[in-house]
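Visitor: Respectively, the protein sequence lines represent chains A and B.
Sequential numbering from 134 applies to the first sequence in our numbering.
Sequential numbering from 54 applies to the second sequence in our numbering.
Please keep in mind that the hints were generated in silico from the structure rather than gathered at the bench.
Heads up, the beta-carbon is just placed ideally off N, CA and C, and yes, glycines get one too.
A portion of the hints provided could be inaccurate.
Mimicking DSSO-like on lysine-lysine, the simulated pairs with C-alpha atoms at most 30 Å apart in a straight line are [as the list claims (entries may be wrong)]:
1) A:467 with A:555
2) B:119 with A:450
3) A:565 with A:580
4) A:154 with B:119
5) A:450 with A:349
6) A:349 with B:119
7) B:93 with A:565
Examples of chain B residues toward chain A, derived with CB under 10 Å [stated by the list, open to error]:
8) 81
9) 269
10) 270
Away from chain A, derived, C-beta distances all over 12 Å, residues of chain B [stated by the list, open to error]:
11) 84
12) 125
13) 149
14) 160
15) 216
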Amino acid sequence: MIVLVVEDEPGTREALVELVKELGYEASAAGSVAEAGAALTRLVPDVCITDLGLPDGDGLDVVRAAKAAGHDCDVLVLTGKGSILAAVEAMKAGAHDFLLKPIKTAQLATALSQLSERHEEARGLLPAVLPDPAVAGGLAGMVGRSAPMLEVFRLLTRVARSNAPVMITGESGTGKEIAASTVHLLSRRAARPFIAVNCGAISPTLVESELFGHEKGAFTGADRRRAGTFEMAHGGTLFLDEVTEMPPELQVKFLRVLETRTFRRVGGSEELDMDIRLVASSNRDLVDAVRRETFRADLFYRLNVFPLRLPPLRERKEDVPLLATHFLSQIEEKERRGFSSFEGPALAALSGHDWPGNVRELRNAIHRAYVLSDPPAIQAEAAEAVLTDSGAAELRPVAGDEGTWPAVPVRVGETLQAVEKKLLTATLFAVKGDKRVAAELLGVSLKTIYNKLKEYQLEP
Amino acid sequence: MLRVEKMDEALPPDRPGGVAAALGTLRHALADPLSTAGLKLELLERRLAAVPPDGSSQVDRVRGAKADLAAAGRLIDLLSRLASIVGETPAETSVGDLCRAAGVPLEEDAASRTRLLLRRLASVDALRIVASFVRSQDPGGPPLQVRAETAPGQVSLWIEALGGRGEANPERLFHLPRGEERAEDLFLARAGIESDGGRLQVVEREGRIVALLSWPRPAPAADVGAPA
Numbered sequence: 134m135i136v137l138v139v140e141d142e143p144g145t146r147e148a149l150v151e152l153v154k155e156l157g158y159e160a161s162a163a164g165s166v167a168e169a170g171a172a173l174t175r176l177v178p179d180v181c182i183t184d185l186g187l188p189d190g191d192g193l194d195v196v197r198a199a200k201a202a203g204h205d206c207d208v209l210v211l212t213g214k215g216s217i218l219a220a221v222e223a224m225k226a227g228a229h230d231f232l233l234k235p236i237k238t239a240q241l242a243t244a245l246s247q248l249s250e251r252h253e254e255a256r257g258l259l260p261a262v263l264p265d266p267a268v269a270g271g272l273a274g275m276v277g278r279s280a281p282m283l284e285v286f287r288l289l290t291r292v293a294r295s296n297a298p299v300m301i302t303g304e305s306g307t308g309k310e311i312a313a314s315t316v317h318l319l320s321r322r323a324a325r326p327f328i329a330v331n332c333g334a335i336s337p338t339l340v341e342s343e344l345f346g347h348e349k350g351a352f353t354g355a356d357r358r359r360a361g362t363f364e365m366a367h368g369g370t371l372f373l374d375e376v377t378e379m380p381p382e383l384q385v386k387f388l389r390v391l392e393t394r395t396f397r398r399v400g401g402s403e404e405l406d407m408d409i410r411l412v413a414s415s416n417r418d419l420v421d422a423v424r425r426e427t428f429r430a431d432l433f434y435r436l437n438v439f440p441l442r443l444p445p446l447r448e449r450k451e452d453v454p455l456l457a458t459h460f461l462s463q464i465e466e467k468e469r470r471g472f473s474s475f476e477g478p479a480l481a482a483l484s485g486h487d488w489p490g491n492v493r494e495l496r497n498a499i500h501r502a503y504v505l506s507d508p509p510a511i512q513a514e515a516a517e518a519v520l521t522d523s524g525a526a527e528l529r530p531v532a533g534d535e536g537t538w539p540a541v542p543v544r545v546g547e548t549l550q551a552v553e554k555k556l557l558t559a560t561l562f563a564v565k566g567d568k569r570v571a572a573e574l575l576g577v578s579l580k581t582i583y584n585k586l587k588e589y590q591l592e593p
Numbered sequence: 054m055l056r057v058e059k060m061d062e063a064l065p066p067d068r069p070g071g072v073a074a075a076l077g078t079l080r081h082a083l084a085d086p087l088s089t090a091g092l093k094l095e096l097l098e099r100r101l102a103a104v105p106p107d108g109s110s111q112v113d114r115v116r117g118a119k120a121d122l123a124a125a126g127r128l129i130d131l132l133s134r135l136a137s138i139v140g141e142t143p144a145e146t147s148v149g150d151l152c153r154a155a156g157v158p159l160e161e162d163a164a165s166r167t168r169l170l171l172r173r174l175a176s177v178d179a180l181r182i183v184a185s186f187v188r189s190q191d192p193g194g195p196p197l198q199v200r201a202e203t204a205p206g207q208v209s210l211w212i213e214a215l216g217g218r219g220e221a222n223p224e225r226l227f228h229l230p231r232g233e234e235r236a237e238d239l240f241l242a243r244a245g246i247e248s249d250g251g252r253l254q255v256v257e258r259e260g261r262i263v264a265l266l267s268w269p270r271p272a273p274a275a276d277v278g279a280p281a
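I would like the entire structure built from these sequences, with the hints used as guidance.
Guide: Okay, here's the thing in C-alpha cells:
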C-alpha cells in the first residue's frame, strides 16, 4: 500500500514517513498543498495522511485534490485544533477518517491496517458490484424501489465505505435499525460486530457502565470486570438508537470519547483505544432537542456528519405490495402453511392505508392477515379485517387533547395483562409511536415502555 | 454548547481572534511537538525491542516516556474545552434557570430568580459536574440539599450531601487536573464558574462535603435622566 504523508512540520513529517515504512507500507512525503498536488500527478497513493493546517492552504484542499485526481485514495486527516467542527468538515468533504494530534501511534497503525485490508481485497477481487436496488427491489435487508427509497439506497451505499458517523432520522417503524445494519453490512467492517444500544431503554444509572464497561469493584454489585458496548463493538459498528434519550452527563463523556477516540472503563484508569463506526438514530426532532438543551449541540454536530432521513411509508406507498410480499415470504418461511401471494383486492386495501406505524405496522398486519387467511393467497376479507382490527379507522393520531382520544374497549374478566397490552398498543398508535409521549401519557418511565414492548413482543 | 437552528445548516465558523482562538492555537502548537516526540519514541521502542537483550532493558524507559507523553496529550485537550468556555458569550440568566437545566433540585424563591450575567452553557455544565461530585460523596443517600442566597453584590448556591463521608481536602481536586479522570471535569467546572467572575469553594464540614458557588450580581443600570 502506498501512503502519501502531507505535513508541513518537518520533524513530524519525517517521523510519520519513517513509522509508515516501519509498519510495512511505502511512503512519500509532501510539505504543502502544492507539493501534495504535484505528488498526486505522479503517484497513485492508496492512502493520503494530511495535516489540516498547511502553509499554502487547507488540508481539505488535499482531500479535494485526491478525490479530483480520481484515484481510489482514502484520506486520513490529522487535526491539531482539537475542534469538532474541523473534523466534521473534513469528513463531509470526503475524508475517510480523522486523527487528533498528538497522534496516537496505535490509532494510526489500526487505521492504516484497516485501509490496507480494504485495498488488498480490492486488488485481489473484482470490485464488488452491488445489485441495482431498482431491479433487486432493495438493498441488503431493506426493501423498496420507490424514488425516495432509491435515493436512500444511493446515499447509504455512498456513506457505507467511509468511516463517517451517520445520523438516521425517521418516524417510528421506518426501519432505522435495519438501515444502520445495512451501513454496517456494506462497510469494510462487515465481518466485525454490529452492536445496537437503545439509549432510552437503559437505566440512567447503568448506561455509563453499559457503554464503557466497568472494573471489578467499581460500584456495588460490580463483582467482576465487564466489557461495555464500546469494547464489544471494537472494529465494527455501534448503533445508538434513540440517541436523544442519552442522559446529559453521559453526553459530555460520550463527546469526549468521540474526540479523543479513547475511553476508560468505569472505575478504571487504563485508557483503551476506540475503533468503532458510529451510527445513531432518533425519531424525535433533533434540532428541537438541541434547542431545548436536552441534547448537546456539539454532540449533535459530531454525530450528524452524514444525516439520512428514512421516509414514512405513506410517502412511498408504491412499495407496499413489494414489502407485503417480502413479509409474506418471511412468515411463510417460518410457518410453512402454503401461502404464496395476495388476492388483488387485498393488496389494494393494504396499499390504500396510510400506515402511521410505518413498515413495522405493515409487517404486523401481514402476520395477522396470514393467520386469518386460508392458503394459498391472503384474502381481501382478512386484509380488511386486519385494517379494521388495528383500530386504524378510530385511532388516527390526534392532537394533544386528551378529551378527543378514543376509548379502548375492555371486557369484564379480561386479564390485566391483556388490558395493559391493548392500552399500550392503542396509546402508541395514537401518538405515532412516540414512546416518550406514550410514557408521559401512561404515567410510567420510558424504560417501562421498552420493557412492556419486549414483554408483549410488540417490537422486534 | 453550540446553538443550531436547522439540522442541515452550515457549521458555525470559529470565532475569530480572542482568548478562545489563542487557546486553540496553543493547543495546535503543542500538539505538533508532542506528535513528533511520540512518533520518535515509537520508532525507538520498535528498534530497541528488535535487539534483545541490550535493547529490551531500555524499552521500559521508552514506554515510561510514552506514557508521560500520553498524559500530556490528554491534558492539552483541556485547552480546547477551556476555549469553548471562554468563547461563549455571557447572557442573562438566573441560578434557578441554571439548576433546572442541570437537573439540580432547587426550590424557587427570590434568590433563585435573581438575574445574573453568565456563560450559561458553561455554568450549566459546571453545576452538573459539581452536583455529581457532591452526590458521589454520598451515593444512595438522601437527595442533595440545595439552596440559593443573595448577599450584597452576589448570589450564592449551596450544594450539600446530607450523609456520607467527605474526601479529605476536596478542593485540591478542583485545582489540579490530573491524577484521576474526574479531576479534569472538576478543574473545568471551576474554570467555567471563574470565567464569569464567580467562585467555587468545596469544603468538608462535619464530615460532609459542601460546595459553595457564588457569582457577582451585575450592577443595576443607571436611571436614564436621573438627576446628577
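Visitor: Next, verify each hint and record whether it holds.
Guide: Each hint, compared with the structure:
In summary, the hint linking residue 467 (chain A) to residue 555 (chain A) is supported, as the alpha carbons are separated by about 26 Å, within the 30 Å threshold. Under the criterion of a C-alpha separation no larger than 30 Å, the hint pairing residue 119 (chain B) with residue 450 (chain A) is inconsistent with the structure, at around 59 Å. Distance check on the hinted pair: residue 565 (chain A) and residue 580 (chain A) sit about 18 Å apart at the alpha-carbon level, within 30 Å; holds. About 20 Å separates the Cα atoms of residue 154 (chain A) and residue 119 (chain B), which keeps this hinted pair within 30 Å; it holds.
With a C-alpha separation of about 53 Å, the suggested pair residue 450 (chain A) and residue 349 (chain A) falls outside the 30 Å cut-off, and the hint is violated. Distance hint between residue 349 (chain A) and residue 119 (chain B) is fulfilled; the C-alpha atoms sit about 27 Å from each other, no more than 30 Å. Using a Cα cut-off of 30 Å, the hinted pair residue 93 (chain B) and residue 565 (chain A) is violated, with the two alpha carbons roughly 58 Å apart. A cut of 10 Å between beta carbons decides the hint on residue 81 (chain B): the least distance to chain A is about 4 Å, and the hint holds.
Of the supplied interface hints, the one on residue 269 (chain B) is violated, with its beta-carbon coming no nearer than about 24 Å to a beta-carbon of chain A, more than 10 Å. The interface hint given for residue 270 (chain B) is violated, since its Cβ lies 24 Å from the closest Cβ of chain A, which is over the 10 Å cut-off. With a least beta-carbon separation of about 4 Å from chain A, residue 84 (chain B) fails to lie farther than 12 Å from that chain, contradicting its non-interface assignment. Against chain A, the non-interface label of residue 125 (chain B) is violated: not every CB pair exceeds 12 Å, the least being about 8 Å.
The beta carbon of residue 149 (chain B) is kept farther than 12 Å from every beta carbon of chain A, the shortest such distance being approximately 15 Å. For residue 160 (chain B), the non-interface assignment is confirmed: its Cβ lies about 21 Å from the closest Cβ of chain A, beyond the 12 Å cut-off. Residue-level check passed: residue 216 (chain B) sits 15 Å from the nearest beta carbon of chain A, beyond 12 Å.
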